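**Q** Below, each chain spelled out in residue letters.
2 protein chains.
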Amino acid sequence: MGEMVAGIMTGPEIERLIQLLARLPGLGPRSARRAALHLLKRREALLDPLARALTDVAAVVKACHVCGNLDSVDPCSICADPRRDTGLVCVVAEVGDLWALERSGAFKGRYHVLGGTLSALDGVGPDRLNLNGLIQRAESGAIREAILALDATVDGQTTAHYIADRLSGTPAKVSRLAHGVPVGGELDYLDDGTIAAALNARRPA
Amino acid sequence: MGEMVAGIMTGPEIERLIQLLARLPGLGPRSARRAALHLLKRREALLDPLARALTDVAAVVKACHVCGNLDSVDPCSICADPRRDTGLVCVVAEVGDLWALERSGAFKGRYHVLGGTLSALDGVGPDRLNLNGLIQRAESGAIREAILALDATVDGQTTAHYIADRLSGTPAKVSRLAHGVPVGGELDYLDDGTIAAALNARRPA
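Protein chains in written order, with our numbering: chain A, 389 to 593; chain B, 389 to 593.
Calculated from the structure, these hints are not laboratory results.
Treat each hint with caution, since some may be false.
No copy labels: a pair is met if it fits in one copy or bridges any two.
[To be verified] Under the rule of at most 20 angstroms between Cα atoms (straight-line distance), these lysine to aspartate or glutamate pairs were calculated in the EDC-like manner:
| hint | residue 1 | residue 2 |
| --- | --- | --- |
| 1 | Lys429 | Asp469 |
| 2 | Lys496 | Asp580 |
| 3 | Lys450 | Glu490 |
| 4 | Lys450 | Glu432 |
| 5 | Lys450 | Glu403 |
| 6 | Lys429 | Glu574 |
| 7 | Lys429 | Asp553 |
| 8 | Lys496 | Asp469 |
| 9 | Lys429 | Asp515 |
| 10 | Lys429 | Asp510 |
| 11 | Lys450 | Glu482 |
| 12 | Lys429 | Glu533 |
| 13 | Lys450 | Asp553 |
It should be emphasised that the depicted structure is a prediction, and the values quoted were computed from it without experimental measurement.
Model the full assembly from the supplied sequences, consistent with the hints where possible.
**A** Printed below as a string of structure tokens:
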């Protein structure tokens, strides 16, 4: 029998699907309903493949034991790639940040994924982050330079300070991403902090 | 091995999942990546249940042979509900429109889902819509009144005209949703057509 949830008379299976879709970032209740109908109208082309893709991902994707990246192989494709600089390690908060750096094509070293940032507000302490692996990699001498690529937010910068501190006793040199005007950015729309940072870090033209 | 698609070095399973998620309405490539990571961080709480929900929906949800609604039972819960007026049938383009009417709680009759609207531009003719079932329901005398609840767009109104024409030889009385000022709507933001329709259909206060 169908049942009433959120005012819709439909099967419990559809309701359950809508509720789960609504928990994805970027989808609210309304767009989750649209997505569910979109899937139901495209069973062979989309619904079945998506169900399979989710099952496949759950079965094979795991965290790399070296760097914390998500991949179907362990060590991950990046840690296993001999063409990438082993000694240059970019420290990021989340796998999404690693993906953003990879899309830029500007980095040819390895990574270390923390799995979050320190946050007093959310009660995230150093023990909740993938930090010990980073310290061990640095102490073993495997890291020539650790580039802290963390968000320019309070939590991101707190985390950067903490990690710089922890790495200070190791052979690893520690650096950070530069602040400045985003490429394509208009000065008129930039916040004062960014303009000040770009002025301070000015370079010969 | 991981592979390069869209600039991301990751497993092919994750890439496939992102590509499929990006085909949902409301999700682009960027939000599909965020959704995939969100799922990977919540395997037990979200990824596994979503995979199961999709499989369940694909297994049990079907179109009602009477009205075209989607449900896990056939006839659907609405067609099978003895408390609803059998002779009052609301004709809608899509199941999403049926859901919208159900959420309003204002309609206690049955439905007929066309599965789309006539569209010269998209080459959708009467044969592509679930029309024969509606004509048969009307000819059998089962429909006292057919309320055409179609979008107030060119295609929606063309479809309404066509259906009114086809039903004119049957015992069914045909009506339409009223045009007017949306509840909570501000006159200043309404288009001229709506204001004119609301004026023409004015009622004693």
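**Q** With reference to the structure, classify each hint as holding or not holding.
**A** Now the hints, each set against the structure:
1. Neither within a single protomer nor between protomers do Lys429 and Asp469 lie at most 20 angstroms apart by alpha-carbon distance, with minima of 42 angstroms and 25 angstroms respectively.
2. Taking CA atoms no more than 20 angstroms apart as the test, Lys496 paired with Asp580 passes in neither setting, with 32 angstroms inside one copy and 59 angstroms between copies.
3. For the homomeric pair Lys450 and Glu490, the shortest alpha-carbon distance inside one copy (19 angstroms) is at most 20 angstroms, but the shortest distance between copies (43 angstroms) is not.
4. Taking the shortest Cα distances, Lys450 and Glu432 sit within 20 angstroms of each other only across copies (14 angstroms), while inside one copy they are farther apart (28 angstroms).
5. For the identical chains of this complex, Lys450 and Glu403 are inter-copy neighbours only, at 14 angstroms across copies versus 30 angstroms inside a copy, given an alpha-carbon limit of 20 angstroms.
6. For the homomeric pair Lys429 and Glu574, neither the shortest alpha-carbon distance inside one copy (44 angstroms) nor that between copies (36 angstroms) is at most 20 angstroms.
7. Proximity of Lys429 to Asp553 under the C-alpha cut-off of 20 angstroms is found in neither arrangement, the shortest distances being 55 angstroms within a copy and 28 angstroms between copies.
8. For the homomeric pair Lys496 and Asp469, the shortest alpha-carbon distance inside one copy (10 angstroms) is at most 20 angstroms, but the shortest distance between copies (64 angstroms) is not.
9. Only between protomers do Lys429 and Asp515 lie at most 20 angstroms apart by alpha-carbon distance; the minimum there is 18 angstroms, versus 46 angstroms within a single protomer.
10. Taking the shortest alpha-carbon separations for Lys429 and Asp510, only the inter-copy value of 17 angstroms comes in at or below 20 angstroms, while the best intra-copy value is 41 angstroms.
11. Taking identical chains as interchangeable, the C-alpha atoms of Lys450 and Glu482 lie at most 20 angstroms apart only when both belong to the same chain, with a minimum of 14 angstroms there against 40 angstroms between chains.
12. In this assembly of identical chains, Lys429 and Glu533 lie within 20 angstroms of each other by CA distance neither inside one copy nor across copies; the values are 52 angstroms within and 29 angstroms between.
13. Taking the shortest Cα distances, Lys450 and Asp553 never come within 20 angstroms of each other, neither inside one copy (30 angstroms) nor across copies (60 angstroms).
This entry does not satisfy hints 1, 2, 6, 7, 12, 13, going by the numbered hints stated previously.
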